[in-house]
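K.L.:
Heads up: the protein sequence lines correspond to chains Y and F, in order. Note that the first sequence covers residues 0 to 281 in numbering that gives the first Met the number 0. Note that the second sequence covers residues 0 to 292 in numbering that gives the first Met the number 0.
One or more of the hints may lead you astray.
[Unchecked claim] List of simulated lysine-lysine pairs, DSS-like, C-alpha gap at most 25 Å:
1. K98(F) - K107(Y)
2. K11(Y) - K5(F)
3. K64(Y) - K77(Y)
4. K98(F) - K268(Y)
5. K96(F) - K203(F)
[Claimed, not checked] Which stretches of chain F does chain Y cover? Using the computed rule of at least three CB atoms under 8 Å from a CB of chain Y, they are:
6. 10 to 20
7. 110 to 119
8. 141 to 153
9. 244 to 253
None of these hints come from the bench; they were simulated from the model. For clarity, every value in this text was computed on a predicted model and none was experimentally measured. Beta carbons are placed, not taken as given, at the ideal position from N, Cα and C, and that holds for glycine.
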Amino acid sequence: MRLFSLDAAQRKRLGSILNTSILLIITILFFLPIVWACLMSFKTRVDALAMPPKWVFKPTMANYKAVWGDGRFLKYTKNSLIIAAASTGLGLVLGVPAAYSLARHRFKGQRALLLGILSTRMIPPVAFVIPFFIIFTRLSLNDTHTAVIIMHLTIILGYVIWMMRSYFMDIPKEIEEAALVDGCSVWQTFTRIVLPISAPGLGTSAIFSFIFSWNEFLYAMVMTTVEAKTLPLGVYNWVAYEEIMWGELTAASVIAMIPVIIFYGFVQKALVRGLTMGAVKG
Amino acid sequence: MTSRQKERLTSFLLLLPSIILIGVFVYGFIGWTVYVSMSKWRGMVPDYTFVGLRNYATLFSLHRFRVGVKNNIIFTALFIPSSILLGFFLAFLLDQKVKFEGFFRNVFLFPMALSFVITGTIWAWIFNPQAGLNVLLKKMGLEFLQSGWITDPRVALYSVVIAATWQMSGFTMAMYLAGIRGIPLELREAARVDGATEWQLYQKVIIPLLHPITVSAVVVLGHISLKIFDLIFVMTGGGPAMATDVPGVYMFMATFRQDLFNRGAAIGTIMLLMVAVVIVPYLIYSMRTEVER
Chain Y
0 MRLFSLDAAQ
10 RKRLGSILNT
20 SILLIITILF
30 FLPIVWACLM
40 SFKTRVDALA
50 MPPKWVFKPT
60 MANYKAVWGD
70 GRFLKYTKNS
80 LIIAAASTGL
90 GLVLGVPAAY
100 SLARHRFKGQ
110 RALLLGILST
120 RMIPPVAFVI
130 PFFIIFTRLS
140 LNDTHTAVII
150 MHLTIILGYV
160 IWMMRSYFMD
170 IPKEIEEAAL
180 VDGCSVWQTF
190 TRIVLPISAP
200 GLGTSAIFSF
210 IFSWNEFLYA
220 MVMTTVEAKT
230 LPLGVYNWVA
240 YEEIMWGELT
250 AASVIAMIPV
260 IIFYGFVQKA
270 LVRGLTMGAV
280 KG
Chain F
0 MTSRQKERLT
10 SFLLLLPSII
20 LIGVFVYGFI
30 GWTVYVSMSK
40 WRGMVPDYTF
50 VGLRNYATLF
60 SLHRFRVGVK
70 NNIIFTALFI
80 PSSILLGFFL
90 AFLLDQKVKF
100 EGFFRNVFLF
110 PMALSFVITG
120 TIWAWIFNPQ
130 AGLNVLLKKM
140 GLEFLQSGWI
150 TDPRVALYSV
160 VIAATWQMSG
170 FTMAMYLAGI
180 RGIPLELREA
190 ARVDGATEWQ
200 LYQKVIIPLL
210 HPITVSAVVV
220 LGHISLKIFD
230 LIFVMTGGGP
240 AMATDVPGVY
250 MFMATFRQDL
260 FNRGAAIGTI
270 MLLMVAVVIV
280 PYLIYSMRTE
290 VER
């Protein structure tokens, strides 16, 4: 009977224990796919196919060696780094001043313009990928970094402008006015006062853009065949083989996950904001 | 020139490169795509002979396209509620003054940062009948739950929905949690003082206040779902027997594997319209509130 005659405090504790247990179970289920894939990447071919599966085994680096030993994979990683860095850099150089200009000046049709910029991230890429293909083929830019960089830049730009505009709008105008009174030019105010204050926003935009480009699949698949192939395509190649080499495949996936893991702490809020575009301030 | 005019000019020049890039590469190219979709262009040689809406008519009579649209609608109808319910449930649990809340939040959001290609790869392995889940079920003595998963036409689409829900429910969780935290504490205290249980508090006070968030979540998940390509392409390639085929996958195959540029362009345009139906009213609405802020 004691069980049913709990006082309020006891009931509360029981509730919180139950609550935490459910959370822990869901956490394990959420992480299982990733942990499992990681374990798989350290297994030998024999251990990987063992029945029943081995949870305790002698880890091997063979899969990683095989993946790295394959020169193509190294090349894909390099391509991904170049493309992500270049499209992020260009996105910031072009997008940040544009965002500042949109935050500080109002003009007719601005709302429509903002809507047009914002929509670029929501429009299905298949609705404008064909002309890219036509033009880049005509210019013989097929399978080059340039082609993929320009495609990624187009998407990144909308995000950077939107994100940075909301950062700039949160900076009190008085700070800038004070700088102008002190004799700074508009450009000096922007570079010496506004940009340093917005450093966190710049960082988030940069990392978000980098990860977007790093993860992107469709454009890279349409535009590249051999030389400029990116990492997601390299991973996909392993899936598409006749007999799937799960060890190598999971090792490749883990490598492709590394930047996401490193930067995750910086972008998790931006992930949500990036999708809702400021509709919800998370 | 006055300094004010000068400033306006500078500001315009700062904006110009971005406007040109987006204007040409996104909106100009959409127009070009629509143009291609009304042409005779098949094969590698461009042919812009105008045929009106004939390609669209053909498309809607094609079995593969109709199945794809149906699959995409089913996928959307399952993916949105499952992500919303799971996300809301997680937010509810996290709202109960949990220790290590930040840790749990990070875990649930993490899949969202991954590429659909990685998600697709990992889940293709979990749902491979010879590997992954089936092996685990066997070990646990639950053989009766085993299935062909992504190789069984009856189950494949649901398998893909599970993977997509895994990736996106952290997003709805974060949105709901922010929403719940945005509700003034006094309101909740008042309800508690009036003797409301936690359940009643949610039912009568919190859930109605979260409606705008649910609308945002449905719109965001809806547009992701209607343009889905990578996840399905990697996990199943649209198979088996078209069980997971969606317009996104068909568009890619038609255009870049079969060189049917006019057909691919038509599919792309239709997908754009489907997404627009969901997103345009929402954008106009949120833009109004944003600008007035």
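K.L.:
Each of the hints needs a verdict: does it hold here or not?
P.N.:
Verification of the supplied hints:
Restraint check for K98(F) and K107(Y): not satisfied, since their Cα atoms lie roughly 50 Å apart, outside the 25 Å limit. For the suggested pair K11(Y) and K5(F), the alpha carbons sit about 66 Å apart, so the restraint of at most 25 Å is broken. Between K64(Y) and K77(Y), the direct Cα distance comes to roughly 17 Å. Compliance with the 25 Å bound is thereby established for this hinted pair. Our distance criterion of 25 Å between C-alpha atoms is met by K98(F) and K268(Y), whose separation comes to about 20 Å.
Of the supplied pair hints, the one linking K96(F) and K203(F) holds, its CA atoms being roughly 20 Å apart against a limit of 25 Å. With a cut-off of 8 Å between beta carbons, the stretch 10 to 20 of chain F has 8 residues touching chain Y; three or more are needed, and the interface restraint holds. Restraint check on the stretch 110 to 119 of chain F versus chain Y: 9 residues with Cβ-Cβ distances below 8 Å, three needed, restraint holds. Only when three residues or more bring their CB closer than 8 Å to a CB of chain Y does the claim for the stretch 141 to 153 of chain F stand; here the count is 0, and the claim is violated.
Counting residues of the stretch 244 to 253 of chain F whose beta-carbon sits less than 8 Å from any beta-carbon of chain Y gives 3, enough to reach three: the coverage restraint holds.
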